[in-house]
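**Q** Listed below, chain by chain, are the residues.
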Amino acid sequence: MPQILVEELTKTYRIAERSPGAWGAVKGLVRRRWRTVEALAGVSFQLQRGELVGLIGPNGAGKSTTIKILSGILEPTAGRCEVNGLIPWRQRIRHVARIGVVFGQRTQLWWDLPVIEGFNLLRDIYRVPQDRYAATRDELVALLRLDRLLDQPVRQLSLGQRMRCEIAAALLHSPPLIFLEEPTIALDAPSKLAVREFVGRLNRERGVTVILTTHDMHDIEALADRVIVIGGGKILADGSFAALRAGVLAERRLFVDFAGAAPALEMADVRVVAASGQQLELAFDPRRITAPDLIARIVAAHPVDDIHVEEPLIEEVIARFYDLHGAAEP
Amino acid sequence: MSGIATTLRPYLAVCAGRFQLTLQYRAAALAGFLTQCWFGVIRVLIFAAFYAGGAAKAPMTLGDAITYTWLGQAFLVFLPWNADPDVTDMVRSGAVAYERLRPVDSYAWWFVRAMAWSSARVAPRAALMVVFAGVLMPLVGLGKWGLAPPPSLAAAGFFAASAAAMVLLSAAITVLINIAMVRAMDERGPNILAAPIVNFFSGMVIPLAFFPDWLRPILRAQPIAGLVDIPFSIYFGGVAGWSAVGAIALQFGWVVVLAAFGRWALERAMRRLQVQGG
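In order, the protein sequences belong to chains A and B. If you read the first sequence in the working numbering, its first letter stands for residue 1, the second for the next number, and so on. If you read the second sequence in the working numbering, its first letter stands for residue 1, the second for the next number, and so on.
Only chain B is shown next, with the shape it has when bound in the complex (with noise of 0.2 Å):
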């Protein structure tokens, strides 16, 4: 075997078996779908009344805003809402003094768990999602109001990458969630906090084009705006070009700076943790 794979071979083998057995809970999957469309129905109404209300200056059309909101239902779970429960388990156990153990970078080995963790629980419900968004609502006629493919091949290409960061992203920003519940000790404060902040500055709730001219630029410049509002913009069209190309890079660019802090603070985390207990 090669160093590079003897290096890779631990992380490799814990995000794919978490991945596995993240994927099993089926019924979560589904009742996950299903309350992801009943909120998306309501949120394509709630456009539907606005745009209807005369949005002639409204940044996106209203066929852009509702596909907005399908990926947003699609790729939800990718929201770093939570510490990784695993890891929150370990904390509260003790059981974390085996993960200093591991012959493993621990930033690196906690990152790639939460990819695998987000990731699996993703899979199934956004496949659910374009099925249903995508490809049924068009077919009953409904395709106005259902999830309309990206309108070119560039578009659809920034979107990969742009993804790509998402997830990246997202994995970085539960590992800081996973630090600051290391550091409390406690997950509930970091979970509190976590959801709220990042729903308001990802554009979930309300698509960042939607703020006025002078604050915009600045709430696209933060790293949570990597997890949803770039690029689902880049999907529709509504970033293109060498926009699209410096929205994806400033996402990696978020990804290096967060990882790198990350790593610091776990380290310095971990050396301060006092393992409860024995």
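Next up, chain A with everything else stripped away, as it sits in the complex (with noise of 0.2 Å):
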């Protein structure tokens, strides 16, 4: 039985449209005219226990609603949902108690309350024993190095160190399934990277499942073994990083230092993507030529200072492929 069972999953939301102006400001008084807004258009995939897997997708694809039905907040309009064995808006109270979320956007401590405090609450709120958890606060106080922390109100936080108390905050009642939205946004790159690790970690050692949406590729390619995209309400790609990116773009680049003026160079496979000085880009697809070969034609017929190969950048390869698929956003 998989953790996670998900299958033809929809969500329709229904808009109040209006008019622009003042007419049509009045116009809505009288009669309103809906807009349905199909959110999610029949989702479907399985989670296995102790998977880490990256929802990707571009804004408003259905990424947040799809965790947010998973999660318990949201009811779904039809399809089927299961979570550890549980209906999640219908067992919310049970289900809550056994997945821990955080939504980089929000924040779950008190702001106004020591760091300490509020995780006290939170015990409490879950009902963990104290022994327990204080062995669990202990380990995520070390692992997370917030001891220095503790004592501080949220609010004279800063945001990383804020993140990585939100993620303990999470954790304190051990569930073994969490959601994580955006855990590195606006984070700078010591934070994103600690958090990385422990996520890395906490999938690894502990066997928690986790589901992580995020906008930032290289938090995917660092963490997730499987990437799901979501692009208007369906999936488009279940997978390996890896076979993403050779079914989108196989394309590479090739960085060459000519000793003199770049010559005007004619290949059969080989594109000029841009030439500056000395430098020329090029752009050619490994599958009808390799690199070794490429290189090989380009140093025998040219004095050569200096060559390196380039993958193109993930962001680039995704944003291709919401393009392929028409999924970025209007």
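Don't read these hints as lab results, they were simulated from the structure.
Covered stretches of chain B (in silico footprint by chain A; criterion: 3 or more residues with CB under 8 Å from a CB of chain A, positions within the stretch not fixed):
1) 9 to 18
2) 93 to 104
With a straight-line Cα cutoff of 25 Å, these simulated SDA-like cross-link-like pairs (lysine to any residue) come out:
3) 27/A <-> 184/B
4) 27/A <-> 189/B
5) 192/A <-> 95/B
6) 144/B <-> 154/B
7) 27/A <-> 183/B
8) 27/A <-> 188/B
9) 27/A <-> 186/B
10) 234/A <-> 48/A
11) 57/B <-> 213/B
12) 27/A <-> 190/B
13) 27/A <-> 185/B
14) 57/B <-> 43/B
15) 234/A <-> 271/B
16) 192/A <-> 93/B
Predicted, not measured: the structure shown is a model, and the values here were computed from it. Where is the CB? At the ideal position from N, CA and C, for every residue including glycine.
Got two chains here, each in a separate frame; can you build the complex from them with the hints?
**A** Take a look at the structure:
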């Protein structure tokens, strides 16, 4: 039995529409026009215990809606969904006791309280026995290096410090499944790395199942074995990141610094992307011509100072993918 | 830990936490107390002028009206004029999503929050008001214009029960305003409507005893009367004996009805709530 089972999940919202201007406002008083928005149009997937899955997609794709349904906040319009054997929105109270959730853009800690008091309150809210709480808390404090933050009111923490505290707060009741929604948003590089490393360890060493949504593709590349891409309320791809990359954008780049002025290069299967002074940026498909082969042919014909190969940026891959599927937000 | 204690643990924790946090606002309590003294004095003077103008048929004595006034000032903050500001902030910021992630009954959760919030603000104000109107004024020879003690032990006992119902009613109505705010996604409308309705129907503006005979029973039967008119009339003995028992039962009855309705409406509102953004 998978830990998460989602079958043909749909969610439609009804939104009141208003014609622009004052006259539109008046008309709206008399007769409302409704528009239905399909946030999820039949989403199906399964997750086994211990998986770490990245849920990505452009803004407005349905990621948040999916997380909100899985966490029991939102009721879907149709479809089946079971998490830990429970139906999230029907058995909400039992369900939420067994999950942890971090929304990167919101805070679950109490703004005016010192961090430790917020943790204590969560201990009582989740009814965690004191001895188990103390052990979990101490462990999280050590792993996330929170010892010097515990006595500070939440309002005084930097975003990076707060995010580490938020993650600890979501784990005090030792849930076997956590949802992380944009946990690295607006964090600086060291904080991002700290969060990534911690999430990876949590998954590997504790077997905690993680669903991660993010727009930072480096998060995904560093952490997720499996990526689910959502666009327009549908699942566009579900598999490894490497497979996704290969399917979308096999193209790689070769940067060549010539000894003299860059020559006008005419080669089959190679496209000149940019030329500046002595440098040429070439795009090639490794399935048609391998990098060593290409380099050998260039070096044989021209004096060369330096050469290096680059993969296209992950962002580029994803943007291209969204584009191919018409998934980018209008 | 026993089953019930475990079940109640989150509610007790949030209640105690909110009470302590709210109690810290000493300047607000002092400012509130001074404002309420000022309004208390003015209202007492208005009653004095009214009674001096020949009030042979007045339904209560001037002394009772004055006691009623000071009690109203002491417990003023129990009047549910607003949606709970914490809940308002959460709905605005979207943090209300986290509320649904707690393994607690959302209605009971908001109810205890509201109760802690109002009680913590009332406690210092009421204590100061009792000292001022009930102790200091009599000491300086203004006892006639001050807060008199209940006339009998029975009145005091009934008042304690009625005041407990008042606290619960206040929280139940606050949660109803919260729900209206969630539905409207804006607190201003519900807040603007709540204050005048509560002030009038509770008997805060004019004690309900002053209304015509045909209207009075209707006014006393509605739930908001249980916030001011019923408990304070019981205090000075204007409602006593079996009438007091009936009035207190009515208060608790309304608590049950409002809580049942509120719980149903909150679950409904939450299911429709589209948490903003993200």
